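Could you put the whole structure together from the sequences, leaning on the hints where they help?
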Amino acid sequence: MNYPDVLLSPIPIGPHVLRNRVVRAAMATNYATSAGRVTDRLVEYYGSIAAGGTGLVIVEFAFIDRMVSRSWPRQLSASEDSDVTGLSRIAAAIQKSGARAALQLCHAGPQRIPAGQRQWVPSVSGQARTGTLHAIDSDEIAGVKASFTRAAQRARSAGFDFAELHLAHGYLLSEFLAPDRNQRSDEYGGSFAARMRFSLEVVASVRAGTEDGLPLIARINGSDLREGGLGPEDAASLAVALTSVGVQAIHVSAGTYESRHLRSTPTYGERGNLVELAARVKRDVRVPVIASGGLSDPEHLDAILSSGAADLVSMARQLHADPQWVAKVASGHPQSIRPCIRCNNGCLRRGIDGEPVTCDVRPEIATRSTAKPAARKKSVAVVGGGPAGMEAARLLAVRGHHVTLFEARHELGGGLVAAARPSFKHDLARFLEYQKGALESLPVVIKLGTRLSSKDLLALDAEEIVLAAGSHPRRLPADDDAVVMTAEEAVTGTLDSGARVAVIGGGVTGSETAWHLAQLGHAVTVYERESQLARSAESNHRQWLTDALTRLGVHTVLNTEIHTVAADGTPRFADGNPAGPAANAVVVAVGAEKNEWFTRPARTSGKPVHRVGDCASPGDLAAALASAWEAGCRI
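For the sequence shown, position 33 (counting from the first letter as 1) is numbered 33 according to UniProt numbering, and the numbering increases by one without interruption.
Worth flagging that the hints you see were computed from the coordinates, not collected in a lab. Note that the coordinates shown come from a computational prediction; the quantities given were computed from them, not determined experimentally. Incorrect hints may have been included.
30 Å max Cα-Cα, derived DSS-like pairs, lysine-lysine [unchecked claim]:
hint, residue 1, residue 2
1, Lys-372, Lys-96
2, Lys-455, Lys-377
3, Lys-607, Lys-594
4, Lys-455, Lys-372
5, Lys-455, Lys-594
6, Lys-455, Lys-607
7, Lys-594, Lys-447
8, Lys-372, Lys-328
9, Lys-607, Lys-447
In structure tokens, the structure reads:
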């Protein structure tokens, strides 16, 4: 597929020309040391994104002083002159491949760590996550400006092409801009011009301190996405004011800590949901505007640029999932891009927890391993064509082994087929198509509709066996006439219109099944033994899930464990008493147990056997792919 000249065309920002319009947005990795120092892992990570063809790589938000500006446990530091040596390694690794490098600078404000410390805010209003709010005074404001300036000087000394000033997401400068958070009565509060003053003075100080030798990008909120916060019109005015004092590009994001589920949208959200905010800014400024917002698909990105909504497009999670994104688009093979499914587990969740980020669909990030050619090519049988089996087969073939994949069903995908069926699971559907396409491009022999018996397994003409036989749902005891089904059966089958459905189990699977059935017009009640739905889900996911169930009128019964189902579909407690009304159908989503019927014959085959995915240990997609990666590298 060939794209118009826009997406992959060069563009100038200030004195520098970017080789294309693709920007890697800043995202915390926690790959720095606990002191914020640069590590080899950081250098390799950013170097790989640049090597994949990205035009501008913005390095994750660095804190600017060691007193009050730090926001994450292993956040990168630009707070001391001794940081320059390490930072220069990152800049050089990015520029080596022809990309431009930017360092994002940030003051945490109310999102400061460690817990229990004073958090700087414009005025004592609103809520902080932890600690004690402190309205900063004029001397402290001057100190912040000086800290930004010194950090920018270090970025310049380290060889970065740009500095990006973080004025978004509810950090300190962002809070000064918000009318509901800035209740000051001095020159930094009141009118919007006064609320902008601090940010504009930071820009002026940085420009003076670097002698205008470091081009500046400003990351702003196009909207705070909350009532009382900064709105789109004021955001456009802010952009104009920033460009008037020397900012040379505007990077438009949105949301604060409280509304982060609308910024870092999970798999359920619309991609490109923030683009219209960038388009509003672009109408009023004459410098390049960068759009963001869960972007991923090349055609969509090219359409954004071609429409004039923005001049550049940024991605963080997608380039984390596949740093070769640009190279694959440029070579005409966008279908080979490993899609980000916006699970937010390995990246955002681990980032907030202070753990080094991983990626659910890119298991090699966690192990820092690569698929090296096999020392000796072997014949390998992979039994099971779910996500783990497909990943194992792909990796083994990439490494040069002769692979045959057996799948009992007449299509690949295993549990992903049903999981990707609901309309709000389009990201997972894209990942499934990616996995299938990857196998089609490799010399893997695929035998669908082939259910192997124990005898067949023993007779396989293979040197090693990978068992990816999956799992089966746990059942609940039910009376003979009860209509009871699994989540997969509920999603792939049909129910009479307007059926009353009881879903037993309010984890992610049960909650998503309830959402899907409610969308189809069924009256759904979810019974969950825990005190909240989707307890294991990442917080943004859980917010979207619970909001959707509320919007669709799904009834939830928490702290309730169901043991049996009556003939009329009534869920019952352990003592046999009803827990709720009768239902036309009961969906049981209370976990899974691994399929083990192949384990014994496989072991007696005399061949090395590697169990992957749910048949090794039922878990999520990340666990399945990780086990497949490990086995694929081991053989």
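- prompt: Holds or violated: Lys-455 with Lys-372, Cα cutoff 30 Å?
  reply: 34 Å, violated
task: Given the hint that Lys-372 pairs with Lys-96, test it: the Cα-Cα distance must not exceed 30 Å.
output: 24 Å, holds
- prompt: Within 30 Å, alpha carbon to alpha carbon, are Lys-607 and Lys-447?
  reply: 21 Å, holds
task: Quickly compare the C-alpha distance for Lys-455 and Lys-607 to 30 Å and report which way the hint goes.
output: Status holds; Cα separation ~14 Å.
- prompt: Can the restraint linking Lys-455 and Lys-377 be considered satisfied, given a maximum Cα separation of 30 Å?
  reply: Holds, because 26 Å separates the two Cα atoms, which is no more than 30 Å.
- request: Take a quick look at whether Lys-607 and Lys-594 sit within 30 Å of each other, Cα to Cα.
  value: Holds - the C-alpha atoms of Lys-594 and Lys-607 are around 21 Å apart, at most 30 Å.
Restraint check for Lys-455 with Lys-594, where alpha carbons must lie at most 30 Å apart: 21 Å, holds
message: Run the distance test for Lys-372 versus Lys-328: straight-line Cα separation, threshold 30 Å.
response: The given pair, whose Cα atoms are some 20 Å apart, holds under the 30 Å limit.
query: Is the Cα-Cα distance between Lys-594 and Lys-447 30 Å or less?
result: 23 Å, holds
Violation of the numbered hints given earlier is confined to hint 4; every other hint is satisfied by the structure.
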